[in-house]
Amino acid sequence: MLHPGAFEHRQGLQTRLLALRISLAVCVSALAVAFWILQVVQHQKYEAWADRNYLRTIPLRAPRGVLFDREGRVLVENRDSFTIVLLRERTANLNAAITRLAEAVGWPEARVREPIQKAISRKDPVFLPIPVVEHATLAQVVAVKARQLELPEVQVLQVPVRRYPDDELGAHVFGYVGEIRDDQIGRPEYAGLEARAWIGQTGVERVYNKQLMGEDGSRNVVVNSVGREIGEPLGQDDPREGGRMQLTIDYDMQKALEDGFHAAGLNGAAAFLDPATGEILAMTSLPSYDPNVFAGGIDRTAWAGLTGDPLNPMSNRLIQGKYAPGSVFKIVTAIAGLGEGVITPDFKVTCNGGATFYGRFFQCLHSHGVMDLRHAIEQSCNTYFYTVGSKLDIDKIYEYATKLGLVGKTGIDLPGEVDSLVGSRAWKQREYKQPWYPGETISVAIGQGAVSVTPIALATMISTVANGGTRVTPHLVRAVDPDGQGWKPVPMPAPRAKVELRQEDLQAVRDGLWMVVNEHGTGGRARIEGKDVSGKTGTAQVVSLTGRQAASATMDVRDHGFFVFFAPRDNPKIAGIVFAEHGIHGSAAAPIAKYVMETFFAKREGRPLPAPPTSLRVAPSAEPREIQVGNGRAAGPGRDR
Amino acid sequence: MIAERRLPAHLDWPLIAAVVALAVIGLATIYSVTWDFRLSRPGPQFWTQLYAIPIGLLALGAALAIDYRTLAQRSLIFYAVLVVALIYVAVNGDTRMGAQRWMSIGRFSLQPSEFARIVMALVLAMTYGEGRRGTRTPSDLALGAILLGLPLFLIWRQPDFGTAATLAPVLLGIVFVAGMRMKWLVVGTLVAVLLSPVVWMYVLKDYQKDRVTTFLDPSKDPKGKGLQQIQAKVTVGSGGFLGKGFRQGSQGAYGFLPVAHNDFVFSVLAEEWGFLGVLVTLALYLFVLLRSLDAARLAKDRVGAFLVVGIISGFGFQVLYNITMSAGLAPVKGLTLPLMSYGGSSLVATLAGFGLILNVRMRRFAN
Chain B
0 MLHPGAFEHR QGLQTRLLAL RISLAVCVSA LAVAFWILQV VQHQKYEAWA
50 DRNYLRTIPL RAPRGVLFDR EGRVLVENRD SFTIVLLRER TANLNAAITR
100 LAEAVGWPEA RVREPIQKAI SRKDPVFLPI PVVEHATLAQ VVAVKARQLE
150 LPEVQVLQVP VRRYPDDELG AHVFGYVGEI RDDQIGRPEY AGLEARAWIG
200 QTGVERVYNK QLMGEDGSRN VVVNSVGREI GEPLGQDDPR EGGRMQLTID
250 YDMQKALEDG FHAAGLNGAA AFLDPATGEI LAMTSLPSYD PNVFAGGIDR
300 TAWAGLTGDP LNPMSNRLIQ GKYAPGSVFK IVTAIAGLGE GVITPDFKVT
350 CNGGATFYGR FFQCLHSHGV MDLRHAIEQS CNTYFYTVGS KLDIDKIYEY
400 ATKLGLVGKT GIDLPGEVDS LVGSRAWKQR EYKQPWYPGE TISVAIGQGA
450 VSVTPIALAT MISTVANGGT RVTPHLVRAV DPDGQGWKPV PMPAPRAKVE
500 LRQEDLQAVR DGLWMVVNEH GTGGRARIEG KDVSGKTGTA QVVSLTGRQA
550 ASATMDVRDH GFFVFFAPRD NPKIAGIVFA EHGIHGSAAA PIAKYVMETF
600 FAKREGRPLP APPTSLRVAP SAEPREIQVG NGRAAGPGRD R
Chain P
0 MIAERRLPAH LDWPLIAAVV ALAVIGLATI YSVTWDFRLS RPGPQFWTQL
50 YAIPIGLLAL GAALAIDYRT LAQRSLIFYA VLVVALIYVA VNGDTRMGAQ
100 RWMSIGRFSL QPSEFARIVM ALVLAMTYGE GRRGTRTPSD LALGAILLGL
150 PLFLIWRQPD FGTAATLAPV LLGIVFVAGM RMKWLVVGTL VAVLLSPVVW
200 MYVLKDYQKD RVTTFLDPSK DPKGKGLQQI QAKVTVGSGG FLGKGFRQGS
250 QGAYGFLPVA HNDFVFSVLA EEWGFLGVLV TLALYLFVLL RSLDAARLAK
300 DRVGAFLVVG IISGFGFQVL YNITMSAGLA PVKGLTLPLM SYGGSSLVAT
350 LAGFGLILNV RMRRFAN
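Those protein sequence lines, which keep their order, are chains B and P. For the first sequence, the positions run 0 to 640 when numbering that gives the first Met the number 0 is used. For the second sequence, the positions run 0 to 366 when numbering that gives the first Met the number 0 is used.
These aren't lab readings, by the way, just hints derived from the structure by calculation. A portion of the hints provided could be inaccurate.
As the list claims (entries may be wrong) - With a cut-off of at most 27 Å between alpha-carbon atoms, the simulated BS3-like pairs for lysine-lysine come out as follows:
id : chain 1 : residue 1 : chain 2 : residue 2
1  : B       : Lys321    : B       : Lys347
2  : P       : Lys182    : B       : Lys44
3  : B       : Lys427    : B       : Lys395
4  : B       : Lys44     : B       : Lys122
5  : B       : Lys122    : B       : Lys321
6  : P       : Lys243    : B       : Lys44
Unchecked claim - Some residues of chain B that are not near chain P, with every Cβ distance over 12 Å (derived):
id : residue
7  : Gly415
8  : Pro494
9  : Glu528
Said to hold, decoys possible - On the chain B side, residues computed to face chain P include the following (Cβ under 10 Å):
id : residue
10 : Gly11
11 : Gln38
12 : Ile115
13 : Ile119
14 : Tyr431
All C-beta atoms, glycine included, are put in the ideal place defined by N, C-alpha and C.
Next up, chain B with everything else stripped away, as it sits in the complex (with noise of 0.2 Å):
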């Protein structure tokens, strides 16, 4: 059968195959070194890699530091808020899943739809799950529990949520909370946090932020390909609730004051202070808002609504507000002249309803006939600060400012509080390039033309002036609990500045501010009997005369009324400044200092609580009328005190 090439066939198959057999060993050798590359050499690589494949963390939010008073009453603290959330990895239909859910929750399906939307266009990974009803309701959270076989991809989770007992009350104090912002990620104040985290955004809770946030915790899941979460978690991180806070806050004295505030019809700001150490026992700003609102997101038309209203709720008017103090201003310009010995306080002068200065005439309201110093302040005469101020360079009127805490910042623990101007030879220098006219002095001495001053700042010079001259720093916070281990006293801040006063000067002036309160002054609204309230009033133009008119049809021209105070005259426990915008007088903001001050006092002697007040309006007619100068140049007909 074999033909004659068989043999050397039989060979050339053999060579063949065996050239075949050492080819596939070769193939063979050489994946094992592939394989080897890739599983031994870059392992670590690869293994990092299938790590980040199927490991998940799941936030969970720690509840934040809950806020007491001074008296260990709940300011702010938490809730549970229920958030009805889908699974997408759950979904196998996501618009079924998206009817069935609309329905359970009484919600148009457009609404149910839109958070789910944008957690996909955002690419949020596909294990988070997508809050779609948060703070639902009672009824609706039953309604999904109800038929939680038909929504097997909608679960009902609680997540602790700011809670503010008294709604609007202390907002400004308080602040509210929301979720970071983009701007605000990477800031070193919120070093470590990611999108999605909440943060403190103004107020006390954006100023100690760190301390109330505590620590989210997380939890870890392993996940497969498509997000679906497998097993049993592989461990826990329990959230770290924040640190506990104690306010300088007395929520009585708070409640009064903004009580105080709508019996009056008046919106404005106040401070109320310990004039020994600074600590502020209620404060406020009016409008507000309620920071309820933010606690759980705010919705867009909301935001819109507080950040488009004319009267600006979101505004902290008692740190950011700037206003031209008035009569206020009389004070420092007498501590300024008896300080630096161009009067005593026996110093007179003659008032015939005005004086002339630099070759200018500049009036007062009145012919107040001879008035020394302490009749000068009761009196509010012009005429007899335009004289001291005559005696003194502006820049020694900048300096006692300065030390009574009326120039740059308080230095207050709230964020975004506005420098308080005084004006000086280098500051006219450094902003208009002109040097400074004596003419301008004059003006400053009434608390006119270069003034222009917070309220707080205003509240930490009558603080000053009250506690026998040390200028303290207004503060919020009295004591921490970092850890639930209990309260450490938070130390008050230094002193900032000392003004070195004779106890006959500083008498004087005192006595004079007793006299607005308790004779013929403008502060009579504020007088409580066997108190010694010490006060001054002050107005606060928003136009000039010649411009109201104009102006009257687009805005309100009502001019600002400031009354600042402490009591009792001797050995102060108490001061503070009302600001009643728009109040037309500073004698309107009085019967407000005097309420809170009797529920200061009824709390001190443990007497009943005074009733809240029906009404604490003034009449437009019953207030004393003045004259006011504008500015040193132009000077003009106008009212001040």
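Once you've looked at the hints, dock chain P against the given chain B.
Only chain P this time, still in chain B's reference frame:
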């Protein structure tokens, strides 16, 4: 017929042991990767594969019971049956995952294309083994190409590019050992290379082009077509030297590596058993390949030798390609790993193929 009775003594038991070992390793890997975490049991693929092993061993027995020469002489009948079955599937088959490959026989479904390799090996062994002149000229090559062309075209159209591609090595392997002049082999390969731009433009479908471009730069599309390739590397690389352990892998079990029980079963093996497991498995495959070629060397005639080479060329090509792809080092093609990947038809056909190889070796002394 004394010789016939002594035949079982000539059975190549080491080869059978290695083949069964590979099938069991594959089965265990399928068990691990299809594990259902909610129900705490392996997936249905495990059971299908488990039943396929005894069926495959029956097919192996059947394939060695009848003298291979008898089978080779009737190979044109098998060829006709294959072509008819492929046409039937094309017209009337079941469509799964976008390909029309399956035909139903009662409760079972069958992929005729899986048996194409054996049939082609029989037909081509017969064609070249019985000829007087041997195979030396281009016209011999052309004849084989025409015989191969019909089933290859039908399988390609299913579409099943991978299985179609494994038919070419059957022809190439046989004509190589049959003594085809290297010149013509080189010319044939050159023609194929020169034709490849034409194939690229007019024959390859978009998804096939995508696979090639994705292979060249997987990072271009890491979420889409490059995903499998990158995840294959991650799966293999994360296994390390000793592996993560049985059922401890995350890449295959959690679905990061698609079709892990099928095309990428070797990646999962590498993940769970590490480089050590890879070495053992590669050694088993190499043993199977070399031991089978030993049968070709010992074969008493050229038909037997060519039959073994034809089967082993297709098998070897598919093994090498699949393992290379499992490591993310070759474009992803729908090409399973013979003996280990999930797939009943494939396992039965592969074991039947080894039945033929055993057949050739067993009858090396018989006349």
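Results of checking the hints against the structure:
| no. | hint | in the structure |
| --- | --- | --- |
| 1 | B/Lys321 - B/Lys347 | violated (33 Å) |
| 2 | P/Lys182 - B/Lys44 | violated (46 Å) |
| 3 | B/Lys427 - B/Lys395 | holds (15 Å) |
| 4 | B/Lys44 - B/Lys122 | holds (26 Å) |
| 5 | B/Lys122 - B/Lys321 | violated (46 Å) |
| 6 | P/Lys243 - B/Lys44 | holds (15 Å) |
| 7 | Gly415 | holds (45 Å) |
| 8 | Pro494 | holds (63 Å) |
| 9 | Glu528 | holds (79 Å) |
| 10 | Gly11 | holds (5 Å) |
| 11 | Gln38 | holds (4 Å) |
| 12 | Ile115 | violated (21 Å) |
| 13 | Ile119 | violated (15 Å) |
| 14 | Tyr431 | violated (62 Å) |
When held up to the earlier numbered hints, the structure conflicts with 1, 2, 5, 12, 13, 14 and fits the remainder.
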